[in-house]
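Engineer: For the record, the sequence lines run as chains A and B.
Mapping to this note's numbering: the first sequence position 43 is 43, numbers consecutive.
Throughout, this note's numbering is defined as the position within the second sequence, counted from one, plus 1000.
Hints should not be assumed to be uniformly reliable.
To be verified - As a list, the in silico DSBU-like pairs of lysine-lysine whose alpha-carbon atoms are at most 30 Å apart:
(1) Lys148(A) <-> Lys1248(B)
(2) Lys1073(B) <-> Lys1190(B)
(3) Lys1188(B) <-> Lys23(A)
(4) Lys1073(B) <-> Lys12(A)
(5) Lys1297(B) <-> Lys1261(B)
(6) Lys1190(B) <-> Lys22(A)
(7) Lys1404(B) <-> Lys95(A)
(8) Lys73(A) <-> Lys1357(B)
(9) Lys1403(B) <-> Lys1297(B)
(10) Lys103(A) <-> Lys116(A)
(11) Lys1261(B) <-> Lys1233(B)
(12) Lys1188(B) <-> Lys51(A)
(13) Lys148(A) <-> Lys1097(B)
(14) Lys95(A) <-> Lys1248(B)
(15) Lys23(A) <-> Lys1190(B)
(16) Lys22(A) <-> Lys1073(B)
(17) Lys1073(B) <-> Lys23(A)
(18) Lys22(A) <-> Lys1069(B)
(19) Lys1148(B) <-> Lys23(A)
(20) Lys12(A) <-> Lys1097(B)
(21) Lys1276(B) <-> Lys95(A)
(22) Lys22(A) <-> Lys1148(B)
(23) Lys95(A) <-> Lys1416(B)
Calculated directly from the structure, the hints in this document are not laboratory data.
On a predicted model such as this, the values are computed, not experimentally measured, just so you know.
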Amino acid sequence: MALEFSPETLKKFEETVNRYPKKEAAMLPVLYLAQREFGHLGEEAIAYVAKILEQPPARVHGVVSFYTMLNMKPIGRHHIQVCRTLPCALRGAEKITGFLTQKLGIELGQTTADRKFTLSEVECLASCGTAPMMQINDDYYENLTEAKVTEILESLK
Amino acid sequence: MEKILLRNIDVSDSHTLTVYKSRGGYGSWRKIVESMTPEQLINEVKASGLRGRGGAGFPTGMKWSFVPKDSPKPKYLVCNADESEPGTFKDRLLIEKDPHATVEGTLIAAYAIQSQTAFIYIRGELAFGAGRLEQAVDEAIQAGYIGKNIFGSGYDLDVIVHRGAGAYICGEETALLSSLEGGRGWPKVKPPFPATHGLFGCPTVVNNVETLAALPWIIEHGAAAYAAMGTEKSKGTKLFSVSGHIAKPGVYEVEMGYPFKRFLDEDCGGVANGRKLKGVIPGGGSMPVLRPEEIEKVNLDYESVQAAGSLLGSGGVIVMDDSTCMVGAAWNLARFFAHESCGQCSPCREGCHWMEKIFRRIEHGAGEKGDLDLILNVSGNIMGNTICPFGDAAAMPAAAFIKKYRDEFEAHIAEKRCTITG
Chain A
1 MALEFSPETL
11 KKFEETVNRY
21 PKKEAAMLPV
31 LYLAQREFGH
41 LGEEAIAYVA
51 KILEQPPARV
61 HGVVSFYTML
71 NMKPIGRHHI
81 QVCRTLPCAL
91 RGAEKITGFL
101 TQKLGIELGQ
111 TTADRKFTLS
121 EVECLASCGT
131 APMMQINDDY
141 YENLTEAKVT
151 EILESLK
Chain B
1001 MEKILLRNID
1011 VSDSHTLTVY
1021 KSRGGYGSWR
1031 KIVESMTPEQ
1041 LINEVKASGL
1051 RGRGGAGFPT
1061 GMKWSFVPKD
1071 SPKPKYLVCN
1081 ADESEPGTFK
1091 DRLLIEKDPH
1101 ATVEGTLIAA
1111 YAIQSQTAFI
1121 YIRGELAFGA
1131 GRLEQAVDEA
1141 IQAGYIGKNI
1151 FGSGYDLDVI
1161 VHRGAGAYIC
1171 GEETALLSSL
1181 EGGRGWPKVK
1191 PPFPATHGLF
1201 GCPTVVNNVE
1211 TLAALPWIIE
1221 HGAAAYAAMG
1231 TEKSKGTKLF
1241 SVSGHIAKPG
1251 VYEVEMGYPF
1261 KRFLDEDCGG
1271 VANGRKLKGV
1281 IPGGGSMPVL
1291 RPEEIEKVNL
1301 DYESVQAAGS
1311 LLGSGGVIVM
1321 DDSTCMVGAA
1331 WNLARFFAHE
1341 SCGQCSPCRE
1351 GCHWMEKIFR
1361 RIEHGAGEKG
1371 DLDLILNVSG
1381 NIMGNTICPF
1391 GDAAAMPAAA
1401 FIKKYRDEFE
1411 AHIAEKRCTI
1421 TG
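Produce the entire structure from the sequences given, and follow the hints as far as they go.
Structural biologist: What follows is the structure, encoded as structure tokens:
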């Protein structure tokens, strides 16, 4: 069966689209809705969003592939994103990344076998005064140490 | 010095309407809607000398005045909350701790250009901040500050908090508009400027969070009070985000013209762990690095930093001590720009990747004779040859690192290893 929004999400979709001056301006919020509902934005999800926003699928594909927060492939339940840009690098980001790869037994860009964690490096997250830092899903974790990272990983279900 | 931008952030529950109102919040908004014409408002902000805090430093009142008054098209005001410049985290603080100041500033700017739909475009990663802004907007709607017939004036205004999805380039105003139109964050050729041809081809003004957050204070205390602070051409106060090897990292509000060295040594506690300063980037990762001897007489204002060979930019101050490998630092930033180039203009798309590759091989002991001049050549061919300022932002720091620390780069190449960290 082809992908489609649940009635609840469909209601949110209508509300969102109605606030914008043009339907296509709601592209990012609608892609967020789709990503939450479908887990990731594969070809089927892209085709569905294109249909409901009345846009060519190629345009939606172009958008999804442009932004780092839109995932075209499935990822783990917890997406760990370590900032690697200069202010974090000056305060030991590389050590944190090294510790995470060792602790999780995966390389950057990989997902653990139980699909619990995906590990990525990202660019500046506007948290330079509290470096090194990482983002896990929507949450920021700052002033990291190896002990703190261990604690955070253990707290995640 | 009286705090303007950070005046509320240490108060508990500073993000709520109750606290913001108890500190005079939305008083300026009421005053404007009830007693000022858009022209009077624009003139007041022109007189204050306020300049855009997103990085370019363009006079705010003048930017508003470029919007045609007789256009039959809708007009849009966009608050640029896509803070992504390496070393910059001031807008995030304002958004999270004092979201109503940004919302009130957005309303004021929208009124100045008579926009009836305003957007706050916040970078997607800042989910917490987006929540704070959404809550602030909801509270302002409930209180009647946003909506139809505000204060019985007949003026209608809606505000939409819009989340980006992870792309540095969307902080560039025309890229931001492309993104808001539902496309990739691709910058557009200027002219035409957004003031006449912006969002969906309609007159649009894009203002940074910090710029907007200063407006309520300016209206409450008057343009003259704001203009009394700072230097002749750089008025008022500015936020500086301080990071890297510094004893007290954080966001500081400083009167324009404050001595840079005193700021680092006294306000920020000096270089961390008693080490020596090797270099400092004064305006975010896209600005040229300065050597310790270059900042001796620099003041924190647009003109003084420019005279020293860099730019004030976003006020992202990145401090590097004497243990820092400057090849590694240059490579790190080159990698940032290679990752973030939108790919539209070939000098930037190709050049950023080449600079990253060459810096990387020098850092890893595979640099070749001629590599430094090659990077300078690539950087020179990007400068001024792209449709948006991103190209310059990538080219300037690369060239500055080589020119100012050339010996260190040459040692890396000659010894075929990193000579700083081993």
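Engineer: Run the distance test for Lys1148(B) versus Lys23(A): straight-line Cα separation, threshold 30 Å.
Structural biologist: Holds, at about 22 Å.
Engineer: Quickly compare the C-alpha distance for Lys1188(B) and Lys23(A) to 30 Å and report which way the hint goes.
Structural biologist: Roughly 21 Å separates the two Cα atoms, so the pair holds.
Engineer: Hinted pair, alpha-carbon criterion (30 Å max): Lys1073(B), Lys1190(B). Please report holds or violated.
Structural biologist: With a Cα-Cα distance of about 20 Å, the restraint between Lys1073(B) and Lys1190(B) holds, given a limit of 30 Å.
Engineer: Does the alpha-carbon distance linking Lys1403(B) and Lys1297(B) stay inside the 30 Å limit?
Structural biologist: Roughly 21 Å separates the two Cα atoms, so the pair holds.
Engineer: Keeping to a limit of 30 Å between CA atoms, is the pair of Lys23(A) and Lys1190(B) held or broken?
Structural biologist: Given pair Lys23(A), Lys1190(B) holds - Cα atoms ~26 Å apart, limit 30 Å.
Engineer: Take the C-alpha atoms of Lys1190(B) and Lys22(A), compute the straight-line distance between them, and say whether it is at most 30 Å.
Structural biologist: With a Cα-Cα distance of about 23 Å, the restraint between Lys1190(B) and Lys22(A) holds, given a limit of 30 Å.
Engineer: Hinted pair, alpha-carbon criterion (30 Å max): Lys95(A), Lys1416(B). Please report holds or violated.
Structural biologist: 24 Å, holds
Engineer: Would the hint linking Lys95(A) and Lys1248(B) be met if the CA-CA limit is 30 Å?
Structural biologist: At roughly 22 Å apart (the allowed maximum being 30 Å), Lys1248(B) and Lys95(A) satisfy the hint.
Engineer: CA of Lys22(A) to CA of Lys1073(B), is that 30 Å or under?
Structural biologist: 14 Å, holds
Engineer: Within a Cα-Cα threshold of 30 Å, do Lys73(A) and Lys1357(B) meet the stated pairing?
Structural biologist: Measuring from Cα to Cα gives roughly 27 Å; hence the hint holds.
Engineer: Compare the distance between the alpha carbons of Lys1404(B) and Lys95(A) with 30 Å, and conclude whether the hinted pair is satisfied.
Structural biologist: Within the cut-off at roughly 28 Å; holds.
Engineer: Is Lys1261(B) close enough to Lys1233(B), meaning Cα to Cα at most 30 Å?
Structural biologist: 21 Å, holds
Violation of the numbered hints given earlier is absent; every hint is satisfied by the structure.
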